[in-house]
Structure formats: structure tokens, C-alpha cells
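Asks: Below are the chains, spelled out letter by letter.
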Amino acid sequence: MRRTRATAASAVTVSLLAAVTACGGGSSTDGGSNDSPKTLTYWASNQGPSIEADKKILTPELKKFEQQTGIKVKLEVIPWSDLLNRILAATTSGQGPDVLNIGNTWSASLQATGALLPWDDKNFDRIGGRDRFVESALGSAGATGSDPAAVPLYSMAYALYYNKKMFEDAGVSGPPATWDELVADGKKISRDGKWALGAEGANPSENIHHVFVLGKQHGADFFDADGKPDFTSDGAVAAVKQYVDLMGRDKVVAPGNAEYAQNQSLKDFAKDKTAMVLWQTAAATLKAHGMSDDEWGVAPVPVQSGAPGDGTAVNSMVAGINMAVFKNTDNTDGALKFVKFMTSDAEQKTLNRTYGSIPPVKAAQEDPAFNTPALKVIRDTLAESAAPLPQVPNESQFETAVGTAVKELFADAAAGRPVTTASVKEKLSEAQQQMPKK
Amino acid sequence: MTVTAEPAVGKRALPGATGPTPRRRTGRVRRVALPYLLLLPALLLELLVHLVPMVIGIVMSFKELTQFYIRDWGAAPWAGFDNYSLSVDFDAPVGEALLHSFFVTCAFTVLSVGLCWLLGTTAAVYMQESFRGRGFLRAVFLVPYALPVYAAVITWAFMFQRDNGLVNHVLHDQLGLTDSPSFWLIGDNSFVALLVVSVWKGWPFAFLIVMAGLQNIPRELYEAASIDGAGMLQQLRRVTLPSLRPVNQVLVLVLFLWTFNDFNTPYVLFGKAAPEAADLISIHIYQSSFVTWNFGTGSAMSVLLLLFLLVVTGVYLALTSRGRSAADA
Chain A
1 MRRTRATAAS AVTVSLLAAV TACGGGSSTD GGSNDSPKTL TYWASNQGPS IEADKKILTP
61 ELKKFEQQTG IKVKLEVIPW SDLLNRILAA TTSGQGPDVL NIGNTWSASL QATGALLPWD
121 DKNFDRIGGR DRFVESALGS AGATGSDPAA VPLYSMAYAL YYNKKMFEDA GVSGPPATWD
181 ELVADGKKIS RDGKWALGAE GANPSENIHH VFVLGKQHGA DFFDADGKPD FTSDGAVAAV
241 KQYVDLMGRD KVVAPGNAEY AQNQSLKDFA KDKTAMVLWQ TAAATLKAHG MSDDEWGVAP
301 VPVQSGAPGD GTAVNSMVAG INMAVFKNTD NTDGALKFVK FMTSDAEQKT LNRTYGSIPP
361 VKAAQEDPAF NTPALKVIRD TLAESAAPLP QVPNESQFET AVGTAVKELF ADAAAGRPVT
421 TASVKEKLSE AQQQMPKK
Chain B
1001 MTVTAEPAVG KRALPGATGP TPRRRTGRVR RVALPYLLLL PALLLELLVH LVPMVIGIVM
1061 SFKELTQFYI RDWGAAPWAG FDNYSLSVDF DAPVGEALLH SFFVTCAFTV LSVGLCWLLG
1121 TTAAVYMQES FRGRGFLRAV FLVPYALPVY AAVITWAFMF QRDNGLVNHV LHDQLGLTDS
1181 PSFWLIGDNS FVALLVVSVW KGWPFAFLIV MAGLQNIPRE LYEAASIDGA GMLQQLRRVT
1241 LPSLRPVNQV LVLVLFLWTF NDFNTPYVLF GKAAPEAADL ISIHIYQSSF VTWNFGTGSA
1301 MSVLLLLFLL VVTGVYLALT SRGRSAADA
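Line by line, the protein sequences give chains A and B. One point on numbering: in the numbering used here, the residue at position 138 of the first sequence is 138, and numbering is uninterrupted. With positions in the second sequence counted from 1, the corresponding number in the numbering used here is that position plus 1000.
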């Protein structure tokens, strides 16, 4: 009996430990201080081909900052898959870095936590003023109508990358401008183990970016004017169906892409297995996969009809990385100096050139380095036909809920199960009901 | 620990014995208190590390905890039983998904624990006989248990890839068992993939524990059974399994709790959004809490899971101890 009781006690303990996954939170103080003026911690997002590459790129710049200001910056490069969780943990505990990178689509969600320093006019003045930045980039730095929660650092937009050799082999003369053309060209290409378009079907965030753009093209926003989820509108359903149909109905995306989530489609592109990918800044990765710059071309992402532009001819989300200051910093002055340094004209040119992105700082954008054919497409897209993802506090949940629904629909399409308007609507309805009510 | 103290009191209470002197009493108090004193640091740490977060988790389950409040969760408004009613409203998507996940987890746990136990026991029984290479085989069997979980599961994830994975290469290309390469990491097959990895990872533990249990069975029992004419199967049924009952009781319970709450395997195999067919409850709760930022609802789900595990553990222990008492009597 005694042994039974001991077993029971240990079993109860084990089950308690195993079951409760929620963890404690901490209180936090408002506003930063300058208690530790000589050091800063910086969480950089993984921008380059690897974390090591990022360290190599950023370290000399940080040394430069140290020489100018005497402030030492401790760098940590964080993979994308961990970044949001790390920020969330830092927010809960109040023990975060001083300065950090955030994906610009998370701006409004993270702003809602109150953990980030708001960029009011006073703070903007300390880094040279709000006017230095491109307006569309600022539009994806926080909820509409409030001070931005971050400052744009690298801007990107989606473009259509195409494999010249595969186009030539299939007798396709140039990149498609509309989705109908893409499907028609795609059918010529998709044979003998080769496929027209790559997709990262199991990556919810990637799915969201594409269905958001298609949603815009169908006149849907996924959120209504009050910021409430509106996932089941006709336009939203049509957008999701059109994207998944590229695999299920049109058969221009390989079924295997339904389980891709680690940028495998870029590798297929470089290995002449896939002729097109919709990507943000692929140059460095393509080079890493052994593809030379003259083997691929860049064109705007297709639209439903006509040419890219405002309204229903939106063909990209405003993609990019923002830089935020953690409200709990021990070195507010240093953090602002560091943001000023990173968004200075010179640093913007250096960093964006290295990463293949576009500077969100107007003066730096004028540099001829950003006028190559590939970057010009991205620049024009950002200027004329890109829209920021909904800047609502529930954006992060939207990415997961709808992105996962698209992942499941891709799984259906890959398995040969029909994807119908009704099945799409059902999945989107389930996703909507999983969103927080308040 | 009181076991040692009680007989001492009994001895002193014998007729003719004088009452304990103050010095003796101090010694006795010391003897009784010492074990508790030694346990105290562990107990305090246990409280701090486990019970406190658990209580916090329970409090959170009664709060409307979203991104607006995570910075200072104490300030989140009270939600009453809203999070619980949302979780158990099986007609609405949140509750329906939780129930689905619960059933998937139950099926997964029963199959995984059953297979782990069966494989472990079979291997351990066969390894009892001494033969050439036994030591080597024993070591090989323990490899999955010794490998870091992350490395092992990610290797499986590579092997399960549809186009380049080893599994399809063998099943489809070499053996021709399937018409076309199958998906293992998405769709319905993901349940099988998860089960395979879980059993591969879990059975060496069962093997190890059963093997240890077998060492304690006296050889004479087998000799006696053999003299009485019992064959190998009868020996297994009449000697081995009954002797292993206390070991199996703990083994099955531990495997059940580990498997039911397994987070690492599905997370590494499928990422943050597991396929519906392999949506284990641990990852479902993780997604509700940390991916969709409904921390209150996620906590409520955790508490429900905790209650379920407590009930199952309690019933299991009551049943098995009753079975053993009956057997002992």
C-alpha cells in the first residue's frame, strides 16, 4: 500500500509537470532608462543565407558604431522560426534585448503588447525625422492612426523569378503578366518531372502573403473596417481557391510542394526542376545554390488582368524588416543612437546592398546600386502596387489561422481530393472562429 | 520514514519500561525530523519550479489573456469560466478541434504505448538467453533512447519527405509497394509517421525496464515450472508476466504520461501547425496559447488536460493496486 501511495504521488507529480504548459508572466516597468549607457543587446533577424553569414555582415558595422559612440553592441542573430516566440517571451518577462528586428507584418500585433517604444515625433526627430522614410514602409510599422511601433530597416516586395533555360526549353518567350498566362505557360512547362511554379505549401506565413495579395486582387481584405476578421467573403474564398488550384486544378505546382516549408522551392528552381517562384529577395540564396545571376530573370508578380498598380492590381505585400526598441531598455539614448546609425543613409546603402533588399530611407534608395533590373522591379512594386498586410492587433493570429487552413487545403490538393468553393469556405470559417473574440 | 520511528515507540511502551527521558525524546525528534529536513530543499525547489507556475497557469485560465495583457498578465480582465466553456463547446470550432485532438491523442497513446511495451518485452525476453553478440545487440537497441530527441526526429523528418525521403525510396522505388510516392508529413499518413517515430523512440525504454525487471525473477521458478512440464509460452504466461507486474505497472503509466504529453516529436516533425490527423493535444494547446496568443484559452485547455490525466492515473492506480492485492491474497 505504501508503495502504491508513493507511486501515486510520483505519478501525480509527473502528470502535473507534464500537463501544465502555461507559464508564468512577470510584471514590468514602463519606459526605459539609461542605467547601462555603454552596452546594447541587438536581436537581428536572419536575413542572409545563414546565421553565420549575418554575423559576418553585421559585425563590422557594429564595430563602426562602437568606434563612433563608444557603445558596444552584443549581437544575436535569431532564426525566423524562433523570433516571434523569443520576442513574446521577452515581452512576458520584461527581460529582452534593447533593440530588435521584427517582421513588419507583426508590427501591430507586437504594438498591442505595449512592449515596444512608440515612435512619436520626438523619437523620430532623434533619428533625423519621419520624412526620411518611404511612406508605404511606415504604413507597415504599426496600427493605422497611432505612432509606429518600429522603424523600417529593410524593404522588400514579391516578384516573379523565372528560370530562363526552362522557359526556353518549353518554348515560352517571356514571363507571364496575368494568372491566366501563368497557367497557360505553366501547362507547357509542367511535364517530364518539371513544374512551372514553386510553392511553400506547408509554411503558413508564406501562404498568407500570397493569398493576401490574391485577396486584394479579388477585392477582399480579410479584415473589415473595424478590424474584425472577415475571412469568408467571396473575394477571400476566391483568392484562397485560386492559389490552391494552381496545384489541384491547374497542375502547374508539383504536389510535393504541399509539404515544403524550408525554402525547398528555391532549390528546385536553381536545379532546373521548377521554372518560376514568387519570392522576395532570392538572389543570394540562388547564388548559394550554384545559380549565376544571368540564368534567372525577374518580373512583377502576375495580376488578374492589365498591369500592376493600385486597387485590384496589387501584386505584392509590403514586405520587410523593422527595427524596434524594447521599452524596458536600460539604455534608451544608446538604443536611439543605434537606430539612427542603422537607418543612416550610408548604413542603409551598405546593408540593403548586401542583403539584396531596398532601403526604406528615401535618400539611400536613390543610389544606383538599387537600380539593377531585378531590384528595379521590386522598387517599382513597392512604390506602385504593394499593400501592407492588415495592421490590426490580431494579424499574427490571422497568419497562423488562415495560413494553416491553406496548408491543409494544399494537403487535400496534393492527395488528389477536390478543393471546392464550399471546402475552402468551410476551412476559412473554422479559421475565423478560432480568432480571439476581443 | 515513520516506519523506523513507530516500532521504537512500541518497544518503549512495553510493561515495566520507563517513559522516554528528555534526552531520548530530543534524539527521537531529531531522528524523525532529519529526513524531512533533508527533503526540505528539494520540496521548496519543487514548489518553486513546478507548483507555482502550475497555480499561475490555473489563474491564467480564468483570465482573458491575449497580446494586450501579456506584458502584465495580472491586469488582464477576469473571464470567469468563459475559457472553459469555449474549450468544451464541442459544437463550435475551438471545442470541436480540441475534442478531435483529444481523440487523436488517445488513439496515438494507446497504439504507441502498446507497441512500445510489446516490442520492449519481446526483445527483453529474447535477450535473456545468452548468445553470441547479445551485448552488442543490447547496446544497439538502446541507441534510439540515447540519441538527442531533436536530432533523431529531424532525421526522421528528412526520411519521410515525399520526393527525396528514404521511406518512399524504399517503399515505392525499391519494393514497389505503392502506386505513387506517399505523403508522410501532411495528410492522413502523418498519424502513421508520428506513431513510427514515437515507437522507435520509446520502445528501448520499455526494453531497458523490462530487462531490469527480468533480472529479479529467480531462476528456480523457471526450473520448477520446467520440471512441472511448462513450455516456453506457459513459463512466459505463468512466471514471467506475473513477476513483471509491478514493473509493468509503473512502466505503462510512465509511458502513457510521456506519450500523451509528447511535444517534441510532433513539433520537430511537423512544425507549429501539425496536420489534422496528427494533431496531438500538447501541440494543439501550444498552438492555442503561443501561436494564436489565446493564452487564457490555452491555459484552460491545459487544466482540462491535467484533470483528465489525474483521473486516468488515479483510476489506473486503483485498478492495478486492487488487482495486486487480490493476487497477493
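Take these hints with a grain of salt, some might be off.
Said to hold, decoys possible - Incomplete in silico selection of chain B near chain A, CB under 8 Å:
(1) 1155
(2) 1185
(3) 1292
Stated by the list, open to error - Short, incomplete list of chain B residues facing chain A, as computed with Cβ under 10 Å:
(4) 1107
(5) 1188
(6) 1191
Hint data in this document are derived by calculation from the structure and do not stem from the laboratory. All residues carry an ideal CB built from backbone N, CA and C; glycine is no exception.
Asks: For each hint, tell me whether it holds in the structure or not.
Replies: Structure-based check of all given hints:
no.	hint	in the structure
1	1155	violated, 15 Å
2	1185	holds, 5 Å
3	1292	holds, 5 Å
4	1107	violated, 19 Å
5	1188	holds, 8 Å
6	1191	violated, 13 Å
In summary, the structure is inconsistent with hints 1, 4, 6 from the numbered list given earlier, while agreeing with the others.
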